[in-house]
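Kindly produce the complete structure, drawing on both the sequences and the hints.
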Amino acid sequence: MIGSQMIKILFFASLKEQLSIDALDFPLTESITVAQLVDELVLKEASIDRDILSAEDILVAVDQTVVSSDFLVRPGSEVAFFPPVTGG
Amino acid sequence: MIKKVVVQIDDFDVNEETAFLVDISKEVGGINTFLGTVRDVNEGDTVTGLRLEHYPGMTEKQIHAIIDRASSRWSVLGAVVIHRVGDLQPGEKIVFVGIASKHRGDAFRACEYVMDSLKTEATFWKKEVTEGEARWLTTRQTDVEALNKWQVD
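Protein sequences appear in the order of chains A and B.
Residues in the first sequence are numbered from 1 upward in steps of one, following the numbering used here.
Residues in the second sequence are numbered from 1001 upward in steps of one, following the numbering used here.
No lab work stands behind these hints, which were simulated from the structure alone.
We treat Cβ as the ideally placed atom computed from N, Cα and C, and that holds for glycine.
Where hints are given, some of them may not hold.
[Claimed, not checked] Output of the computed footprint for chain A on chain B, the stretches with three or more beta carbons under 8 Å from beta carbons of chain A:
no.	segment
1	1042 to 1054
2	1115 to 1127
[Said to hold, decoys possible] With the Cβ distance kept under 8 Å, some of the chain B side facing chain A (calculated, not the full set):
no.	residue
3	Leu1035
4	Gly1036
5	Gly1057
6	Met1058
7	His1083
8	Lys1093
9	Val1095
10	Phe1108
11	Thr1138
12	Thr1139
What follows is the structure, encoded as structure tokens:
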């Protein structure tokens, strides 16, 4: 169970392999945009490479809905980064 | 409308799923089903296996939303979507979409719409194993175009 001052971050598919990480809990005490969150992650997490995470085709979902980079992430959210989908 | 959405590692039985759609209601007059399988050749290379990953929770929610959109556009009495994940071999079943409607036109269209939407929206990722290497697949332009044809102005 994730506390309200944390967010859960997930990585999938090729992104997960490139970063060598599938999930992490990250402290967040107030709402910030997805773009600001990417900056924070690059600054504070050694495993996060900016070029990989902010590649043009990478999609972001907050609480399981795809959002744009100006979307506000609230404490307690689940944030996922992933490449374009290829199912079916 | 009855919905059945399952993401699973195990194989499934097409006859069982079709029977489920038949049994939904005596109102059902047409059922259209699509079955996707693993090809043994892709982009000129021999494919020896496929690994499918998904985003548990989000994927299922997306498929429900896709079916709801189909249902708002066409008459849908029942819908079944089953998608496999994990390691698959050429010839194995990957995905099943079945739509039950009163009339065939709705079943045909809703089934194709659900399949086209699933391919470009639902959070699944395929990694293909060819002779000697494994590669993540990228979005096909033809899949994007297939979805775009459903856009209403």
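Consistency of the hints with the structure:
no., hint, in the structure
1, 1042 to 1054, "holds (count 3)"
2, 1115 to 1127, "holds (count 11)"
3, Leu1035, "violated (11 Å)"
4, Gly1036, "holds (6 Å)"
5, Gly1057, "holds (6 Å)"
6, Met1058, "holds (4 Å)"
7, His1083, "holds (7 Å)"
8, Lys1093, "violated (12 Å)"
9, Val1095, "holds (6 Å)"
10, Phe1108, "violated (18 Å)"
11, Thr1138, "holds (7 Å)"
12, Thr1139, "holds (4 Å)"
Consistency note: the structure conflicts with the earlier hints numbered 3, 8, 10.
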